[in-house]
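Please work from the sequences and hints to get the whole structure.
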Amino acid sequence: MKYQEFYNRSIDNPCEFWKEQAVQISWFNQPKSILSKDQYGYPQWFQDGQLNISYLCIDKHIEDGYGNENAIIYDSPVTHSKEFITYNKLHSEVARLAGGLEALGISKGDTVIIYMPMIPQAIYAMLACARLGLIHSVVFGGFAPHELAIRIDDCNPKAIITASNGIEIERIIPYKPFVDEAIEMSNHKPEFVVVYDRKLGVEIPYKLRDIDYSELIAKSVPVESVSVESTHPLYILYTSGTTGKPKGIIRDTGGYATALKFSMKHVYGVNEGEVYWAASDVGWVVGHSYIVYGPLINRNTTVLFEGKPIKTPNASTFWRVISEHNVSVMFTAPTAIRAIKKEDPNGEYIKKYGLSSLRYQFLAGERCDVATLNWTEKHLNVPVIDHWWQTESGWPMLANMCGVELLPVKPGSASVPVSGYDIKILNEQSEEVEAGVEGYVAVKLPLPPGTLLNLWGNPERFKAGYLNRFPGFYFSGDGGYKDEDGYVFITGRVDDIINVAGHRLSTAEMEEIVSSHKAVAECAVFGIHCDLKGQKPLGLVVLKSGEELKDKVIAKEIINDVRHEIGAVAAFKDVLVVKRLPKTRSGKILRKLLRNISDEIEYNIPSTIDDVAIIDEIKSVYKTNQIGIHKNTINHE
Numbered sequence: 001m002k003y004q005e006f007y008n009r010s011i012d013n014p015c016e017f018w019k020e021q022a023v024q025i026s027w028f029n030q031p032k033s034i035l036s037k038d039q040y041g042y043p044q045w046f047q048d049g050q051l052n053i054s055y056l057c058i059d060k061h062i063e064d065g066y067g068n069e070n071a072i073i074y075d076s077p078v079t080h081s082k083e084f085i086t087y088n089k090l091h092s093e094v095a096r097l098a099g100g101l102e103a104l105g106i107s108k109g110d111t112v113i114i115y116m117p118m119i120p121q122a123i124y125a126m127l128a129c130a131r132l133g134l135i136h137s138v139v140f141g142g143f144a145p146h147e148l149a150i151r152i153d154d155c156n157p158k159a160i161i162t163a164s165n166g167i168e169i170e171r172i173i174p175y176k177p178f179v180d181e182a183i184e185m186s187n188h189k190p191e192f193v194v195v196y197d198r199k200l201g202v203e204i205p206y207k208l209r210d211i212d213y214s215e216l217i218a219k220s221v222p223v224e225s226v227s228v229e230s231t232h233p234l235y236i237l238y239t240s241g242t243t244g245k246p247k248g249i250i251r252d253t254g255g256y257a258t259a260l261k262f263s264m265k266h267v268y269g270v271n272e273g274e275v276y277w278a279a280s281d282v283g284w285v286v287g288h289s290y291i292v293y294g295p296l297i298n299r300n301t302t303v304l305f306e307g308k309p310i311k312t313p314n315a316s317t318f319w320r321v322i323s324e325h326n327v328s329v330m331f332t333a334p335t336a337i338r339a340i341k342k343e344d345p346n347g348e349y350i351k352k353y354g355l356s357s358l359r360y361q362f363l364a365g366e367r368c369d370v371a372t373l374n375w376t377e378k379h380l381n382v383p384v385i386d387h388w389w390q391t392e393s394g395w396p397m398l399a400n401m402c403g404v405e406l407l408p409v410k411p412g413s414a415s416v417p418v419s420g421y422d423i424k425i426l427n428e429q430s431e432e433v434e435a436g437v438e439g440y441v442a443v444k445l446p447l448p449p450g451t452l453l454n455l456w457g458n459p460e461r462f463k464a465g466y467l468n469r470f471p472g473f474y475f476s477g478d479g480g481y482k483d484e485d486g487y488v489f490i491t492g493r494v495d496d497i498i499n500v501a502g503h504r505l506s507t508a509e510m511e512e513i514v515s516s517h518k519a520v521a522e523c524a525v526f527g528i529h530c531d532l533k534g535q536k537p538l539g540l541v542v543l544k545s546g547e548e549l550k551d552k553v554i555a556k557e558i559i560n561d562v563r564h565e566i567g568a569v570a571a572f573k574d575v576l577v578v579k580r581l582p583k584t585r586s587g588k589i590l591r592k593l594l595r596n597i598s599d600e601i602e603y604n605i606p607s608t609i610d611d612v613a614i615i616d617e618i619k620s621v622y623k624t625n626q627i628g629i630h631k632n633t634i635n636h637e
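If you read the sequence shown in full-length UniProt numbering, its first letter stands for residue 1, the second for the next number, and so on.
If you're looking for bench data, these hints aren't it; they were derived computationally from the structure.
Watch out, some of these pointers could steer you wrong.
[Said to hold, decoys possible] With beta-carbon atoms standing in for the labels, derived distance ranges:
hint	residue 1	residue 2	range
1	563	84	53 to 61 angstroms
2	432	107	26 to 34 angstroms
3	245	545	37 to 45 angstroms
[Stated by the list, open to error] Below, simulated DSSO-like cross-link-like pairs (lysine-lysine); rule was C-alpha separation at most 27 angstroms, straight line:
hint	residue 1	residue 2
4	583	342
5	424	37
6	308	623
7	518	444
8	623	533
9	89	2
10	311	544
11	89	265
12	444	19
We put the beta carbon where it would ideally sit given N, CA and C, even for glycine.
Right under this line is the structure:
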């Protein structure tokens with residue numbers, strides 16, 4: 001079936017379409033109610049179904065005779081270690097950890113925080129929680145104690161599962177002391193802290209509430225999966241909110257399992273038994289959906305990678321992993337590719353590895369500029385697919401559905417709506433706009449299965465943030481437009497549109513031009529205050545390694561490029577060269593922070609920032625170039 005016909009079926013008759021997809025997974029009680037609504041008129045999927053996602057990820061495959069196949073490949077260049085974990089081994093680890101948690105009196109409906117590095121025990125913990133019907137909340141390993149304390153107070157965990165330490169390039173991150181400090185700061189006090197000792201010589205400060213992970217599972221009795229309702233919360237995943245307080249996205253179980261199985265087959269085009277690698281972290285939504293649950297439900301060997309795209313040991317790491325483990329489909333962020341491109345602009349490392357196993361390269365996490373897409377296509381020689389989704393959606397909203405029909409790639413577009421997502425571009429009056437006209441990206445209700453169920457403990461914020469702006473729609477918070485072929489171009493968060501002397505201009509469009517300059521490795525363009533025009537664009541650029549042109553020459557060429565492509569109306573006159581850009585740990589450039597620093601207004605340093613020292617570097621560049629920095633009030637969220 002061709003894409004358009006397949007997609008239309010999902011929109012014209014969503015109940016029938018998703019009923020067909022639901023039978024692709026094993027339920028303890030098959031749902032009869034396919035689509036219902038809660039008190040807000042918000043969709044609820046498969047409400048009377050019963051299942052367990054840990055069973056789907058492990059037990060089902062063992063029962064089908066695949067127990068000796070690899071479920072997980074753990075590859076850790078930072079510790080120089082690898083481990084191949086079969087479904088039988090995974091079952092033993094998860095069932096015993098679940099038994100240990102049950103023996104502590106933790107039961108269905110309780111919450112558990114998981115604060116772990118990228119090690120197999122992080123996946124064991126997630127699946128053990130799911131096995132018992134516990135609601136896990138994975139907090140990105142290495143978050144500061146204050147941020148962890150906020151999440152402890154929001155979800156009130158009965159236990160925290162952590163490790164002795166994490167490892168980054170040339171440094172140890174003390175996880176257990178961070179947990180202790182966070183508990184001291186929080187009002188809620190978890191009953192237990194389960195600690196996995198990585199045996200790397202890191203001292204662990206033990207408290208009375210602490211339980212040794214290895215001792216717990218050594219004496220525990222393995223347990224079977226409990227049956228939970230389809231709408232039972234599987235996890236809470238916190239995402240940044242505009243108020244500074246994180247939003248706890250709640251994910252259901254049955255709709256999520258159905259959507260993930262569907263996406264592995266139809267979006268990513270990966271077959272059972274193949275190796276799939278999402279180079280992310282289990283602390284992010286990509287890690288939940290496509291390191292853990294999606295691949296394992298679809299019986300794919302999933303790669304758990306503890307490292308970085310560069311410096312572990314160099315820019316060849318990704319290609320080594322693909323070659324060594326015969327990865328069929330890979331998923332990473334454009335920022336990772338840009339980092340590799342900066343270190344190895346001619347792709348010399350790629351030539352050293354045999355990548356014949358690789359069929360598709362997916363990119364997401366941040367808008368993919370054309371230069372990065374083209375570089376990746378040129379050097380990998382496989383389809384490179386930019387796609388778009390959110391923590392809230394849990395799985396792709398826009399994508400080239402290569403498991404249905406591989407459509408032509410349009411650089412700059414995240415392709416077409418995925419089955420189930422009736423995506424519209426709306427104006428302020430909630431009216432759909434014509435092709436080529438920019439507006440607000442919204443999705444007509446009902447959303448498909450697997451999307452957010454609610455916000456933890458805050459349904460009013462859920463309604464206000466997502467449902468009230470455009471009645472009958474989910475509002476994504478992003479701007480964009482559709483072309484005449486139905487391809488959607490995401491132009492960025494709605495506050496990334498700047499108004500220059502009455503002209504609404506997309507900073508994303510300017511970034512596209514800036515990033516195409518041969519000397520630029522990556523960039524950020526954002527609007528800053530201008531007394532004359534209201535706003536004007538400022539471009540920050542990071543140069544490729546070995547670039548010999550002078551900064552002023554490069555800046556002048558970039559300004560001329562933007563003027564040529566967009567015109568004088570853009571008023572693009574300021575380009576500054578910086579060593580690096582402030583990013584979240586998942587690779588998103590913090591444009592709003594850059595803008596707020598320049599505009600001399602109060603700003604928060606987001607908890608997700610990768611390296612807070614970059615702030616001082618940027619302020620120094622601003623000061624040197626006479627961009628206002630003196631009146632800011634700095635808050636640490």
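Those earlier numbered hints the structure runs against, lowest number first: 2, 6, 7 and 9
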